[in-house]
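Residue strings, one per chain:
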Amino acid sequence: MKQQVLTFILNGEEVAVLVTPTETLLDVLRERLQITGPKRGCDDGECGACTVLLDGEPVRSCLTLALTVEGRTVTTVEGLMVKGELDRLQKAFYERGAFQCGFCTPGMLMVAKSLLAKNPNPSRDEIRSYMAGNLCRCGSYEEIIEAIQAVAAGEY
Amino acid sequence: MREVLYYAPTELTEATAILADHRDKAAVLAGGTDLLPKLNYYEVKPHALLYIGRLGLSSIHNGSSALTIGATTTTADLATHHLVQQYAPALAQAARLSGSVAIQNAATIGGNIANASPAADLVVALLALDASVRLLSHSGQRDVHLADFFLGPHLTILQPDELITQIHVPLSPGKTEFLKLGRRKGQTLAVVSVAVRLQLDGDLCHDARIVLGSMAPTPLRCRTAEHLLRGQKITTDLIHQAATQAIAESSPITDQRATAWYRKKAGEALVQRALLQALDKKEVRP
Amino acid sequence: MAYVLHPTGNKGGGDPSHAVIQLKPDGTYVLLIGAMDLGQGAPTILRQVAADALGVPIEKILVSNYDNLLPLSVSTSGSRVTLIDPHAVVNAAEDLKRQIREWFAQQHEANPEDVEIEGETVYVRGDRERTVMTMEQVAMGAAWGGGYEPASLIGRGAWQPGKYHAHDPETGEMPNVGAISFGAALAEVEVDTETGTVDVLRFAQVWEVGKAINPLLVRQQINGGYCIGAGFALTESCYPYFPSVEYAPEKMGDYFMPTFEDYPQQMIFGIEEVPHPNGVQGAKGFSEGSASGPPPAIASAIHDAIGVWITEFPITPEVILRALEAKQAGVES
Ligand SMILES: Cc1cc2nc3c(=O)[nH]c(=O)nc-3n(C[C@H](O)[C@H](O)[C@H](O)COP(=O)(O)OP(=O)(O)OC[C@H]3O[C@@H](n4cnc5c(N)ncnc54)[C@H](O)[C@@H]3O)c2cc1C
Ligand code: FES
Ligand code: FES
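If you're matching them up, the sequences are chains V, Y and F in order. Per our numbering, the very first residue in the first sequence carries number 1; after that it's consecutive. Per our numbering, the very first residue in the second sequence carries number 1; after that it's consecutive. Per our numbering, the very first residue in the third sequence carries number 1; after that it's consecutive.
Don't read these hints as lab results, they were simulated from the structure. Take the hints with a grain of salt, since some may be wrong.
[Unchecked claim] Label pairs and their in silico Cβ distance ranges:
#, chain 1, residue 1, chain 2, residue 2, range
1, V, 123, Y, 151, 42 to 48 angstroms
2, Y, 276, F, 275, 54 to 60 angstroms
3, Y, 82, F, 67, 44 to 50 angstroms
4, F, 311, Y, 254, 41 to 47 angstroms
5, Y, 254, F, 329, 21 to 27 angstroms
[Unchecked claim] If the Cβ cut is set under 7 angstroms, some of the chain F residues that face chain V in the computed set are:
#, residue
6, 214
7, 216
8, 227
9, 247
10, 251
11, 252
12, 253
13, 259
14, 260
15, 261
16, 270
17, 271
[Unchecked claim] Capping the alpha-carbon separation at 27 angstroms, the derived lysine-lysine pairs in DSSO-like fashion look like this:
#, chain 1, residue 1, chain 2, residue 2
18, Y, 38, F, 251
19, Y, 282, V, 2
20, F, 60, F, 211
21, Y, 45, Y, 25
22, Y, 25, V, 2
23, Y, 185, Y, 175
24, Y, 282, Y, 233
25, F, 60, F, 24
26, Y, 264, Y, 185
27, V, 83, V, 118
28, Y, 281, Y, 185
29, Y, 281, Y, 264
30, Y, 175, Y, 264
31, Y, 185, Y, 38
32, Y, 264, F, 60
33, F, 97, F, 60
34, Y, 38, Y, 175
35, Y, 185, Y, 233
36, Y, 175, Y, 281
37, Y, 233, Y, 281
38, Y, 185, V, 118
39, Y, 38, V, 2
40, Y, 233, Y, 175
Virtual Cβ for every residue (Gly too), placed ideally from N, Cα, C.
Build the full structure now, drawing on both the sequences and the hints.
Spelled out as structure tokens, the structure:
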């Protein structure tokens with residue numbers, strides 16, 4: 001299939017990459033750019049492991065056709081670290097054991113990041129409803145809720 | 001090797017010309033939340049993809065007699081926009097209960113309509129609000145009542161060269177409610193959903209809408225049940241009768257989410273509940 | 001409310017684990033073990049056990065458990081790892097210390113029994129001033145030779161629970177081989193009798209685990225077990241497919257795992273410790289049991305709410321409505 005150039009901002013840097021029209025953003029990130037933070041859990045929109053921020057808002061990278069992000073800004077879990085420092089959410093997840101296998105974590109972190117940007121002090125119910133599209137088979141929901149609340153409370 | 005062409009026009013005339021060129025070989029792409037799973041699993045193999053996200057169709061306006069909603073307005077915008085909350089609260093509620101945050105950020109109202117799922121949440125609310133759609137092709141434009149748009153599961157009157165460009169929601173008074181039951185609480189498709197609108201004159205019901213989702217090949221307006229309420233004094237008894245009648249008009253199937261038996265049984269309770277709760281809602285005043 | 005007895009390890013004998021600990025030239029250790037990690041943290045606790053057995057900080061120990069060349073751990077199943085693998089690790093640590101003593105005695109013309117290992121310090125008892133070496137020096141000497149005899153200091157250990165025999169039919173006495181963990185689960189539910197939906201409002205689960213080698217990991221297993229158990233109780237089914245085989249889930253979207261919103265408004269967990277005689281430091285496994293508690297606890301809370309015992313999983317809204325209808329009709333359900 002014919003390839004064309006896709007240009008977008010990925011984790012703060014402009015990238016140009018050759019892609020085919022049917023490739024998804026997840027395909028391009030993982031297969032062409034070796035950005036393997038976003039995980040492919042289902043390719044069906046259901047699990048949330050592939051969630052990235054598009055212009056700051058969480059979307060499924062498996063349901064986003066790559067060419068549609070031309071000129072836009074994509075942030076993956078790789079973009080959360082600043083100058084070698086883990087993001088506060090990453091620290092809280094790490095210290096509070098907010099994962100077991102970690103497969104859902106890159107998606108969870110991106111959605112949690114956008115939640116706190118909109119609502120710096122979310123209640124337990126607000127967290128449950130905002131995060132509902134991200135599944136965790138290991139069942140780390142309790143520890144994730146506590147990690148987000150700990151960040152909101154300024155503990156990190 | 002199969003070639004697939006990708007277009008992302010910024011002008012409507014360009015978009016309709018592309019559709020006319022490719023006839024039924026092109027797939028319109030809006031938010032992609034219905035189309036991409038099919039592409040990823042090779043259930044559809046279009047020759048061309050027409051991305052309509054750059055046509056400037058993502059806006060909500062307040063006209064003299066209707067809300068005008070651009071076809072690529074996202075479900076997230078519908079859930080939070082003040083005009084929708086004020087004039088079409090049932091639509092805002094349906095949007096909030098659709099999918100999850102990351103889905104809502106991509107999913108569009110036009111996609112929900114064109115995809116024509118019997119479970120489409122926004123459609124159920126829009127039918128209760130008497131919405132219509134504007135369809136545009138290279139040869140012209142037409143407005144169609146949403147109630148006349150659907151033919152069956154994933155089947156509509158939309159022609160291969162037509163685009164949905166706008167949705168019109170008439171500004172009319174009434175009390176509304178949208179309720180949905182899924183197999184679980186988070187990110188779940190409707191096992192049964194219901195939208196109702198009651199236009200009241202004191203305790204007389206001037207007009208009513210009762211719409212069911214996932215209960216027939218298309219989202220369903222229960223016209224006989226609506227008729228039962230029209231011109232009558234609203235009582236709990238009448239509400240029970242209307243709910244029973246609404247379910248009698250439905251023809252649900254059994255699928256992996258629920259059996260037809262369950263849909264009818266729970267559906268009846270849901271319609272009753274929606275009508276009762278609507279009575280307690282604040283009246284929408286245009 | 002539900003009470004769970006969870007047997008850990010396959011108590012028939014024939015369920016061994018093996019471990020190897022190698023002293024590296026820089027005085028750190030590599031623990032090689034077959035116990036797979038699926039996120040439950042097996043390498044973490046085995047690293048802790050090795051550090052305790054060798055008397056060194058945990059940072060000195062590197063675990064490798066991702067290779068088919070590694071020693072066998074029968075499987076990561078039956079909640080057996082915490083009961084069985086630590087024994088293999090302790091045995092490997094003892095074997096390594098014996099080798100270090102022998103090597104050290106040879107270098108200093110002493111008796112191996114007189115060699116003292118105090119964490120990272122090694123010396124001959126009664127001759128400390130002259131013989132004392134750090135473990136790093138020992139490791140370097142054994143690895144690089146030079147003035148010393150080279151030696152491969154690699155400890156090996158294996159362990160399995162004692163042989164099983166049936167309980168005595170007269171006295172009821174059971175052989176003390178594996179271990180049983182004890183759990184209690186408590187659910188508070190709201191049942192919508194018109195639509196049949198069940199909402200778990202609050203859930204508490206407490207486990208007696210012998211010894212929590214790593215309390216955070218124990219907590220994760222208790223709370224994680226809730227999600228697996230709650231899915232089993234209320235939404236998930238693979239076979240027989242719901243409602244019949246034609247509706248087998250094809251994609252993930254057809255399968256109903258609990259989401260954050262299905263998670264209770266309040267979650268309480270607890271850990272009790274009664275050291276078990278068969279466990280290293282008294283520890284035993286329990287994790288799978290934490291998924292066994294929620295289904296009966298939820299079912300019994302539903303019984304408490306609507307007066308009907310449901311005896312099938314998942315308890316879908318339809319199951320509830322049918323049970324209520326049967327009750328109404330006065331039919332025994
Ligand atoms: C995990 C998940 C959960 C979901 N949950 C829900 C839910 O709870 N409720 C619900 O109703 N839906 C749900 N959906 C379905 C989907 O999100 C909605 O139907 C959405 O509104 C579709 O919009 P879209 O822009 O993403 O459509 P797309 O996928 O872009 O398009 C869908 C179809 O419509 C056509 N189309 C799109 N726009 C136009 C247009 N303007 N003119 C002509 N044709 C057009 C496309 O060609 C395609 O055939 C869910 C989907 C996923 C993946
Ligand atoms: S991989 Fe995208 S939602 Fe599962
Ligand atoms: S930590 Fe394993 S899926 Fe979430």
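Against which earlier hints does the structure fall short, listed by number upward?
Of the numbered hints given earlier, those the structure breaks are 3, 4, 6, 9, 16, 17, 19, 32, 34 and 35, listed in rising order.
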